[in-house]
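Engineer: Protein sequence lines correspond, in order, to chains A and B. Note that the numbering used here has the first sequence beginning at 1, numbered continuously upward. Note that the numbering used here has the second sequence beginning at 1001, numbered continuously upward.
The set of hints was computed from the structure by calculation and includes no laboratory data. Among these hints, one or two may not hold up.
As the list claims (entries may be wrong) - Label pairs and their computed distance ranges (CB to CB):
1. B/Gln1146 with A/Asp443: 33 to 39 Å
2. B/Ala1112 with A/Arg89: 35 to 41 Å
3. A/Arg15 with B/Pro1062: 35 to 41 Å
4. A/Gly95 with B/Ala1055: 56 to 62 Å
5. A/Arg435 with B/Pro1050: 43 to 49 Å
6. A/Asp44 with B/Gln1146: 18 to 24 Å
7. B/Lys1069 with A/Glu219: 30 to 36 Å
8. B/Gly1027 with A/Pro76: 51 to 57 Å
9. B/Ala1055 with A/Ala182: 32 to 38 Å
10. B/Asn1150 with A/Pro76: 51 to 57 Å
11. A/Asp322 with B/Ser1104: 37 to 43 Å
12. A/Gly324 with B/Ser1104: 38 to 44 Å
13. A/Arg382 with B/Lys1069: 48 to 54 Å
14. B/Gly1130 with A/Asp44: 27 to 33 Å
Backbone N, C-alpha and C define an ideal beta-carbon position, used for all residues, glycine too.
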Amino acid sequence: MKLYPSSYTVAVPDRDDLLLFNTRTLYFGRLGADLYSDVLQLVDDLNYGRAGKSPDDDVRSTAFLLRQKGFFVEDPVREREGVASRFERRRKSCGHLGLTIAPTLDCNFSCPYCYERPERFTMSPETVSRIAEYVEGELASGRYSSMHVTWYGGEPLLSGSFEVVVSLSEKLLAGCDFHGTAYTANIITNGYLLDRAKASRLAGLKVALAQITLDGPPELHDRTRVLKNGAGSFERIMRNIRSSRDFLRFSIRMNVNAGNADTVMELKRILRDEGMLDDQGRTALYVSPVRSYTSSCQGGDCLSNSAFYRLQLDLLRQGINDDGFQVVEEYPSLKESVCTAVGADSYVIGPSGELYKCWLDLGRAEHSVGMIGQNGPELNERIARWTGFRLFDAGSDCAECDMLPVCMGGCPELNLRSRGGEDTMACCNWKYVLREHLLHIADRMRA
Amino acid sequence: MSNAILLNWINLSGALSGLTKKQKPFGSGQMKKIFGNLVSWYEQFTDISPEQLGAASKQYVPLVKQASKKVPDSIHGAVYCAVDFLHSYLEPVEIVNMSGFGASRNDRAALASMRKDMEWFHIEKMDSLGWLVEWLEKVDPLFPAQTVKNKLACCFAGVDQKHCFTNARQCIYEPRLSWIRTPSVTLTGLAANDDCCLGSTLSSCSGGTLTCDCVSGNTGCDCKAPNKLCGQNDKSMDVTASGFSDVYCQMLDPREEIDSAVRPACLVLDAASASDCMLDGRGMTYKGPVSRTLDIANGRFMVSRSGIPFNLGRLVMKAADCQQTGFCPPKSGGCGGLC
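Here chain A stands alone, though its shape is the one from the complex:
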């Protein structure tokens, strides 16, 4: 049986050595370039039945180990199909119902980069009931062992909207309790209205984690995370986080653009001074690029993909993770999660009960895939855009990409756009910086 180099092997020269990394198995090794060349020769000889000179046992054992760890495969086509089928398996619900619910698109903030279209409208009691009935029907079918709700917006803690979160949560919790379905929830909020009383109420409704954005130290945060009247929000958000930490875990997101990219370390210092980095994993911090998904990047401040990923690498070099609190992903990992947009049994529900698959479409009726009707979801033809999504479709570069296992096509929306040549923002960071990153890791390990 012949052996072929894996499609997912990345080889990076490092002086006389090679760093070998496999994005499918995540094995990462160093070996002499000469030794690797001998291994390739041995494999070639075996493939073509050439006796050759009897190989050094070191070459043989290296080849053996490299094959064992997936650097050589017997069937490269099957290897690629295996990765694609892993994606397809993940898309299936596997007994999990995932909903992102936006009780309103209204917001008390006026962030310059926001892509949403604010509407002063809050989900009606009728819509709340329809959603609860839809979920009840799903749970009663016995198909689900767990469900997760992400409360989203607009700002879900606005007056009126928060009451929707409470009343709908109570209904969903009762349903899950009755059917023995595990229930978890998170909330994405700007944090301005998250006082201790609300945090306590949310915790009682099984909301475990709040994602809040801080765009850097106060002076920079207050430039972008502004109230409608232009006032800043940093101090109040921090006060709210401080007072709510015993009820909720926090995932703090920093939206990074050209204007605040050099202040990530400073924000981390502020959080450390607040004691948030030593709170036994109750607080996470991560950075995310402000991207021009829509026309929200008109100020020209957005970072290109490669600039953002280079920033991450620079942060690692500056020691952003050195205190053990990880902000930037240090090491590629297999992409196991599948975006709600292409996953089964997951919807984004807007304030009128309209359904979307992609978060970016929220509030854009022309992209809605249906409505929550009297008898559950009534889907239109636009759903096919998502159900028909395949990694290896024509126009996609994924089939030939060695980053596929750690990227899985990236953002499905951007992936679809890129097929038309519109842009290539879908690809994950590793495509741009993996080689440099591997050298960085190898250097650190050597030190």
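Starting from the known structure of chain A, fit chain B onto it as the hints suggest.
Structural biologist: Then chain B, alone, in the frame of chain A:
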């Protein structure tokens, strides 16, 4: 947990059961008999009670059936299981050998005696494993048979000051390919430097269960499905087996000179205390305590003292240091709601 030898034999039995008669080294009856021999190894060289071992013996058939479903029906699958078995089989004798370096005279004599008993077992009961190595050599042209033969001979031969390292100070049987350690989770019950989950972080987990199929051996463990779970800041993971990991070989840079004046390499780390070097590469002198689970006077591994129950089922471990809690869509590579 020190059930690695038995568990790897079960895995190998399971893998072989899917092969044709022609491909197998021998039949299921013989495999079961060898399992019985291995159980007697545990009787002789560990403190595990006969009752526990008796119970383990009774589980052999159903566990092999279970294992056969997990291991791919391929000759390579069986080969890898055999290699894992070899690693776990050699590990205890390596520990005994290494513990001998620099030990006191009395201890050295006791360790030599223990090694001798193991050698007897290896020759008499296991037929020196020649049949296994020959089978591997026959079915897999990449199998490094000579290296394995050398290592078996080295570890089981009673030659003073011979040790299981090459001149490059790598464990024999390790090729000149060094795995680069990557930041990984801290697992309760596993040593901080354990290779379990080599190559995986848990940074992008978002629901599911992280499953590691760890087997003992110097190259560490395979993480079969990393990053599946991290729902509420904790992870649970299944680990099939770990080894006698009080002592293990440190991965070394082969280019480093053995008598490096700058940083004498440590050949054997005490896993119980990551900073303790048990065997100094410069003088080949023993520095640290003898393996904590080794009862030298009685020639036994004190497995039950490790506090991890001995069984042949899957061991569930808990870890609790995941910081990335992310929503779906996750933070990287995917869609990001800029809210």
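Engineer: Does each hint hold? Answer for all of them.
Structural biologist: Evaluation of the provided hints:
no.	hint	verdict
1	B/Gln1146 with A/Asp443: 33 to 39 Å	34 Å, holds
2	B/Ala1112 with A/Arg89: 35 to 41 Å	54 Å, violated
3	A/Arg15 with B/Pro1062: 35 to 41 Å	52 Å, violated
4	A/Gly95 with B/Ala1055: 56 to 62 Å	34 Å, violated
5	A/Arg435 with B/Pro1050: 43 to 49 Å	56 Å, violated
6	A/Asp44 with B/Gln1146: 18 to 24 Å	21 Å, holds
7	B/Lys1069 with A/Glu219: 30 to 36 Å	60 Å, violated
8	B/Gly1027 with A/Pro76: 51 to 57 Å	35 Å, violated
9	B/Ala1055 with A/Ala182: 32 to 38 Å	34 Å, holds
10	B/Asn1150 with A/Pro76: 51 to 57 Å	34 Å, violated
11	A/Asp322 with B/Ser1104: 37 to 43 Å	42 Å, holds
12	A/Gly324 with B/Ser1104: 38 to 44 Å	39 Å, holds
13	A/Arg382 with B/Lys1069: 48 to 54 Å	41 Å, violated
14	B/Gly1130 with A/Asp44: 27 to 33 Å	31 Å, holds
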